[in-house]
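For reference, the chains in residue letters:
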Amino acid sequence: MLDDIVKEFLVESYENLDQLDKDLMALEDAPDDRNRLSSIFRTIHTIKGTSGFLAFPKLEHITHVGENLLVLLRDGALRLNADITSGLLTMVDAVRSILGNIDSTGVEGDEAYEELVARLGRLKEKDPAPPAPVASPSDKTEIEVEKVIRELSGEVAAAVQQLSAPPKKSARAPRAKGKAAAKNSEIHVNVPAPVIAETPVIADTPVIDEPADHTDLEHATAAMAPASAVKREARSSSDSSGDGTDRNTSVADSSVRIDVHLLDKLMNLVGELVLARNQIMQFSQGLEDAALAAASQRINLITTELQEGVMKTRMQPIRNAWSKLPRVVRDLSISCGKQVQVKMDGAETELDKTILEAIKDPLTHIVRNSVDHGIETAEVRRKAGKPPEGTLLLRAYHEGGQVNIEIADDGAGISVDRVRQKAVEKGMVTAEQAAAMSDREAIQLILLPGFSTAAKVTNVSGRGVGMDVVKTNVEKIGGTLDIHSTVGKGTTLRIKIPLTLAIVPALIVTCEDDRYCIPQVSLLELVRLEGSRARTDIELMHSVPVYRLRGQLLPLVFLDEELKLRPHRTDAERRCSDIVNIVVLQAEDRQFGLVVDHINDTQEIVVKPLGLHLKSLSTYAGSTIMGDGTVSLILDVLGIAQQSHVLGINGTRNMIDNSSSHGEHARNGDSWLIVDPLDGTRAAIPLSTIARLEEIRTDSIEKTGRQQVVQYRGQIMPLISLNEFGQVEPDEHGSISLVVFNDGHRNVGVVVGRIVDIVSESNEPIHEGTGDTRIIAGRVTRIVNLEQIAMNA
Amino acid sequence: MSMPGSPSMQTQNSFCTFRVGTMYLGVEVHRVQEVIRAQRMTRVPGAPDVVRGLMNLRGQIVTALDMRRRLGLEETESKEPQMNVVVRTPDGPVSLLVNEIGDVIVVDRTQFEAPPETLQGIHRELIGGSYKLQGRLLLVLNLDAAVRLAA
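In the order they appear, the protein sequences are chains Z and P.
Note that this note's numbering has the first sequence beginning at 1, numbered continuously upward.
Note that this note's numbering has the second sequence beginning at 1001, numbered continuously upward.
Careful, some of the hints might be misleading.
Some residues of chain P that are not near chain Z, with every Cβ distance over 12 Å (derived) [said to hold, decoys possible]:
1) V1032
2) Q1039
3) A1114
4) G1121
5) I1122
Below, a sample of chain Z positions facing chain P; criterion: calculated Cβ distance under 10 Å [to be verified]:
6) P505
7) I508
8) Y547
9) L549
10) T624
Since the hints were made in silico from the structure, they are not lab data.
Owing to the predicted nature of the structure, the values given are computational and were not obtained by experimental measurement.
Beta carbons: idealized from backbone N, C-alpha and C, even for Gly.
Can you build the whole structure from these sequences, using the hints too?
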C-alpha cells in the first residue's frame, strides 16, 4: 500500500521536476514573472510536504532550504540572477537523484548534500533586490483567477465531461481533423487542472484572503482572459518553456496514467475487432436482412472510431522529447562559455510513443554536438559578423506520412574538405575515394564509427563515439539521418522517421501475383508504355535498361528481378512485352523507374513493423494488412535504390541528375525542349527549368479577369502563351501543350504551341546567336527564360 | 491439460506435441499461444528459405517458419507442413509450420534424458533432449534456438 503511494509520489515528482527545469530557465529571461515563481514555489512545497509525510528527511531538508530561498524570491525580497538559478537547478538535480535512489533502492542514499544546503543558504543572504511593489498587476490577476476558478470550477467540470466524450468523426477522417479535435479537447480539459492543483496551496498564502468583489459569472469569465493572456505572454517570452506548463500540472486531474502495455493490448484487440467486423459485414451482405445490415453498419462505424481513438492514445507531441533539451543546452553552453538560444518550431507535432522514446537519446546527442562543436564562442561569432548569441532551432513537421525533425544551428558548419582529410588520415577511405566523393557523400562520413573532426577532445563530445550510434538508433526505428552544412553558416541535421501505426497513403502495385505497397512519399509519377512503345522505348545503356523521361535518362529497375522472383530479362524478352508500367520514384536526390506488372490503386495503409526474421531485408519497410485480410509487404524505396545500385554508396555517380532544380539556367551540355509557338518562330526551353509537361483540353481553360487559368492539382494555375500574340491556341486535336514551371511557391503554365523535339547540346550543334537567340538544329531559336516569364504572370 | 495439485507441479510437465516429417516433437504448453489450421501466406521474396511467409493472425502479422526446412528434413511427403503452432517468443508470436498436430500430453520429469553425444549438427542445436514415452521418444524442441535464424 505504502509502495503505491511512494510510486505515485515519484512519478508525480519527476514530472514536476521536469516542469521546474523549464520554469527556472524561463524565469531567467523574465525574473519578475510572479506566476511562474509561485508555480515553482508550489512544486517545491508539494515535494517538501509529501516527503515529510513519507519520511524522507533528506529530501525534506533540501526542499525546505530551497523553499526558503523561493519565498524570498516570490515576495520580491530577492531578485533572481544566474547564480540563484544555478543553485536552484542544482537543487532540482539533487532532488532528482534522491528520487532516483528511492526509486531503485527504496531509501534516499548516502549523500548528505551539505555543500548544496550551504550554497542555497548563502544565496539567500546576498544581493537583496529592491522590494517589488506590493500590489503588482499580476497579484491582482491571481486574485481574479482564483476567484474565477472557484466559481467556474463546477461549470468547467461539466464542460469537461461533455468534451471528453470522443469527437465524432467519419470513418476515413483525415488525420489533421482528428488532431484538431484532440487539441480542442485537450485545451478544454486542461482548464480546470491548475484550478484544482492551485487552490489548496494558494489558500495559505495571504493573497487569497482578500474579499472577492466580482461575483457574477460573466465578469469572472472576462477576468479569466487576461489571466490566460498573462500566462501565454510568460510562455512566449521564453520559447524554451514550450507550453507543457498546463500539461504537467494537469496530469492529476484531466488524465489517467495508463500502462503502455495495456494500450498495446487494446490496440491488438481493436485489430481483432476490425477483422471480426469485416467478416460480419461480408456475411450481412449475403443475407439481405435489413436489420442485420443496419446493425453491422453501426458496428462498422463504431469499430472505425474505436480504432482511431486507440491509435490516437499512443500519439504524443514531440514536445515531450524536446522538453529536456533547453536545460541540456543551458548547462552545456555555460560550461563551454557560449551563448545559445533554443528555438522550437512544431512542438505539437505528434509521434507514436515508442518512436518518441527512441529518439530522445539521439536528439540529446545531436544537440550536445551542435552546442559543443557547431556554435562558436561569442567573440568568434562577433568576428564573423554574426550575433553573439547562437541559435539552435528544433523543428518538426509532418510530411507525407513521415515526421521530419530538424536540428539546425547557425554555427561554424562542417568543412567538407576537413572531413575528407580526416577520413583519409584515419584510414577510413583512400585518398582517391575521398576525392571521388561528392560533398553530399563526403559529409556523411562523419556518421561512420570512430569519426571526429573536433580539433580537441572536450569532455562533452568529440571522442568519436556518437554520431554512428545516433545513426544506428535512428535507423533502428526506420528513420534516416541527413546532414547539410555550409561552412560559416551552420549545420542542419534532418531526421526523417515514419509514424508507425499511423496511416500512410501508399500506391498498391502487383508483381508476380503479389501485391506490394509503395509509400507515396517517394512517388513522383506513373508512366505507362503501351504497344510498340513498350517494346522500343526502353533502351539499354550497356545492359542497363533506361527510359527517356522528358529527355532525361531514367534508370529502370524491374521489381520482379530485384526481388529475385525471376532471372534478369534478356533483351529479347524485354522486347516482347505489350505493356510496361513504370513507377517513377525518388530516392534521396536520385530518381529511378520501378517496373511492375500492374498498378492497382492508392490506399491508406497501417504500417506494421516486420518481425525479427525479416528486419535485415533492406527491400521492405514493413508490412500491412489489406482490406481482404491478406498481408502485403511495404517496399523500402531507399533500400531498393541502394540494392539495385541506383544510389551509389560511394564514388559512382549516377547517370541522372536531379532535374527538379528550379530556375537554373541551362549549362553547357544541357538538354533543350524545342517548341513551335505556332507563330512561325522557334523557341527553346532549358529542360532543367521545366517541372513537367502537361497536355490540357481547350475546354478546361477558365478565366479570372483577363487571365486565362486552369485548375491544376487543386490549385489555380495561370496560363501564359509563348506565342507572340499572347494567344492560347489549341493544336489540331483540340489539346494544348503546357510547360509547367514552379518557382517554389506556385505553378505557372506556359503554353508552348507544339512540342517539336528535345535536343541536347552534345548531339546537336548549337551556335551562339545574338541576344537571347541561338541557332539550334539549323534554325534561329529564341531561348526562353521561364523564370522571367513567370514573374510577369 | 489442467494440472493436478501443487506437489505434482514440480515433477510434471505439459507438452504440446506435433509431427514434422518423421520427428515427434514437443513444445512446453505454456509457450504455445494457439494452434490453427492452414492460413493464407504472403511470401517474402529475399527472405531466408525457412521463412515461408507472413500471415494475418487477427490483425497481427506473424512470421511463419517451415519446421521441416528448419530441421533440415528431407521432403518425404508431397504436402508441405501446413498446420500452425503459434508460439510466444520475446519478440512476439511466431508460427511454426508442422505436418500434424498431436495431443497435449503430461510427462514426468524423471522420464527426461539429455540427448546423446551422437546427436550432432542442427539437431543437436534444436533438440534439447527427449522424454522416454511408452513405445516412442518425444523430442523436446529448443524453441528459442528454433525461432532464431542465423543472420
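Going down the list of hints, with the structure as the test:
1. V1032: holds, 18 Å
2. Q1039: violated, 10 Å
3. A1114: It holds; P/A1114 is separated from chain Z by about 28 Å at its closest Cβ, greater than 12 Å.
4. G1121: It holds; P/G1121 is separated from chain Z by about 21 Å at its closest Cβ, greater than 12 Å.
5. I1122: holds, 17 Å
6. P505: Interface hint status for Z/P505: violated (20 Å vs cutoff 10 Å).
7. I508: Constraint on Z/I508 not satisfied, violated at 13 Å.
8. Y547: violated, 24 Å
9. L549: violated, 27 Å
10. T624: holds, 8 Å
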